[in-house]
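There are 2 protein chains.
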Amino acid sequence: MKFTCMQNNFLEVILTVQKAVSARSSTPILEGILIETEKDVLKLVGTNLELGIQSYMEANIIQEGSVVLPSRLLSEVIRKLPDAEIEVTVSDNNAVKIACLNSNVTLQGFPADEYPSLPEISENQPIEISKMLLSNMIRETVFAVAVDEARPILTGALLEVEEKNVTMVCLDGYRLALRRGMLEVPHEDLRVIIPGKSLVEVGKILDDDDQTISITVSDRHVLFDLGLTRIISRVLEGEYINYKQIIPEDYKTRVKVDTKILSSSIDRASLIAREGKNNLIKLSLQDQKMVITSNSETGQVYEEVPLLLEGKDLEIAFNARYFMDMLKVIEDQEMCLDFTTGISPCVVRPIKGSNFTYLLLPVRIFA
Amino acid sequence: MKFTCMQNNFLEVILTVQKAVSARSSTPILEGILIETEKDVLKLVGTNLELGIQSYMEANIIQEGSVVLPSRLLSEVIRKLPDAEIEVTVSDNNAVKIACLNSNVTLQGFPADEYPSLPEISENQPIEISKMLLSNMIRETVFAVAVDEARPILTGALLEVEEKNVTMVCLDGYRLALRRGMLEVPHEDLRVIIPGKSLVEVGKILDDDDQTISITVSDRHVLFDLGLTRIISRVLEGEYINYKQIIPEDYKTRVKVDTKILSSSIDRASLIAREGKNNLIKLSLQDQKMVITSNSETGQVYEEVPLLLEGKDLEIAFNARYFMDMLKVIEDQEMCLDFTTGISPCVVRPIKGSNFTYLLLPVRIFA
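Protein sequence lines correspond, in order, to chains H and D.
In this note's numbering, each residue's number is its place in the first sequence (first place is 1) plus 274.
In this note's numbering, each residue's number is its place in the second sequence (first place is 1) plus 274.
Keep in mind that a hint or two might mislead.
When chains are identical, the list treats them as one kind, so a pair holds in a single copy or across two.
Straight-line Cα separation of at most 20 Å, EDC-like style, residue types lysine to aspartate or glutamate; simulated pairs [to be verified]:
1) Lys438 / Asp561
2) Lys371 / Glu578
3) Lys534 / Glu350
4) Lys354 / Asp541
5) Lys371 / Asp541
6) Lys354 / Glu578
7) Lys534 / Asp357
8) Lys276 / Glu338
9) Lys371 / Glu571
10) Lys602 / Glu350
11) Lys371 / Asp532
12) Lys313 / Asp483
13) Lys371 / Glu549
14) Lys317 / Glu332
15) Lys313 / Asp357
Derived by calculation from the structure, the hints in this document are not laboratory data.
Generate coordinates for the entire structure from the input sequences, incorporating the hints supplied.
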């Protein structure tokens, strides 16, 4: 194989497909990326067997072929080369010579035929969705997937399509994050559970523009087709939790509050809470304000947040980190918090519309 | 004690004196900073017993007094408060209430009389030096102090004054870094060895402006007086190495080379060198160019750097990291490298003048 291309183009595509490559793998070839010619373009592939990313780039193909190169080392070498034309030549023993102006770097590669191939997915009736909507849906929910593997299904996010309505739901037993959006083109109903780790990488690759990408779901995989880049993830098999049943519709206490003011108060209360055992913040709702307190050996915080309170006074406590995780992704200037009792979940919604729903379980305290 | 001050002023001074405070100390009070009133201003002090920083700030003193507060926690709390007036009140048991708008944070403090006091140094005949010169001298030499304590004297930098000439020298047995400067006002001759760790923190506090600060040297301490901030460091006792004897004046091979071009070539060669055992780069000088090579299991680098060569051809090898450490701080567009043999030190100087001298020991290779 032999080709020439521009340093900055090559680097960009390497960094894209590298997002699917494990930094450490017991199988060294899985720390590599596959580079192969396909007619007159270059195809790069990275995979960790759960997630695969392939990307095409323009190159001047002089001789066809393929090779696998260690991903981290390759990206560092290309990053440190000048922004000029690079010539890549693969010899018979998979040694790859990378020449650029007065530099010659030779990296030892692996044979391409030992690299796992990505599953073939035929793009039949894909879901069309704007990059920006998908990016926001991921960012605003994926923090709530379960980290431990006790219930593997909860390490994934549920993507649900009903006509024009698209919903992403993540929950880990302590909290739930739900984001709704609208498709331009209706699609037949479907539900698929995508690993949270895969979605994090998908989110990094999506630019924040309004172009449309397509999502195709097969029995065992989901394909995100961004044009030159295709991302394929394994899906999680099994039934997701009936999340609609979990979200209470009634409330006894409703609060409207400024997101930034609440967020900076809870952020300060967290500083002291995290020094304690349970990372606990207490909320007391009465007299049109929320009093937030936290205690530990190192000190106390007492914060007053003005708000609109409707219904009964209430005392309730939460894990500070779970509350902050949620507040960090809410972009609305104001939001609405619904409570029933001090031991039942808090439901967070926008003031207008129904773009998002968050649910937080309180921590029982014996005061 | 009770005072009010502005959040941003308070934070700035906390972050300054915190540079002398250890993140972890077996004596908890040493993780704190001392806050005390001094007439109508506030004085903050941080120290790790080797280095001490004290800084004055304007405040509205309502009641005199003093307290010690945990430094990291305090700086995080103040950072997260709004940019508004802060009221600080210390109660009898050293609990400190920090109030700002609707926030009340209480931190448990320590009694001020248990905090170590900084040594008194009378500013008799100080050295006057521009902040920018001192900052450059530190940055361009301090990376070469010894890290291990086998020869404690080498963990310090030698500061030498002779009339108007000021010199800073660091060396660790493998390399030497020397930076010269000129004082505006001559000073009597002196030599003092300042711990490298202290100088790193001094360097962080110096802004890059052309104001003058004063340095006072006593038997056991050195004082950097920046006006509102005073930095006091222990000095290292003992004789420094006679560094002038180490630097060869003769050469058999002299090279003039572009700093950036050499630097980016050696940077690339380092990528492969660091994968090997000895982090080794080989330099071959002939035909008005330098060929730089490195080898490891993962690959090879071959770089050609054009240069002006005077004298004999030469082959020599270096530790890649030591070479890069030096190249990172040289700001001259071109520089001069002098060699004698493949097993004697390389001396690096500016093309014009004598602002800096670096010396690098080669690594013996059996080729």
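Evaluation of the provided hints:
no.	hint	result
1	Lys438 / Asp561	neither (42 Å within a copy, 71 Å between copies)
2	Lys371 / Glu578	between (64 Å within a copy, 15 Å between copies)
3	Lys534 / Glu350	between (40 Å within a copy, 18 Å between copies)
4	Lys354 / Asp541	between (40 Å within a copy, 8 Å between copies)
5	Lys371 / Asp541	between (52 Å within a copy, 18 Å between copies)
6	Lys354 / Glu578	between (52 Å within a copy, 15 Å between copies)
7	Lys534 / Asp357	between (43 Å within a copy, 14 Å between copies)
8	Lys276 / Glu338	within (7 Å within a copy, 77 Å between copies)
9	Lys371 / Glu571	between (60 Å within a copy, 15 Å between copies)
10	Lys602 / Glu350	between (33 Å within a copy, 18 Å between copies)
11	Lys371 / Asp532	neither (58 Å within a copy, 26 Å between copies)
12	Lys313 / Asp483	neither (30 Å within a copy, 58 Å between copies)
13	Lys371 / Glu549	between (54 Å within a copy, 18 Å between copies)
14	Lys317 / Glu332	within (9 Å within a copy, 63 Å between copies)
15	Lys313 / Asp357	neither (25 Å within a copy, 60 Å between copies)
Hint compliance for this structure: hints 1, 11, 12, 15 are broken, all remaining hints hold.
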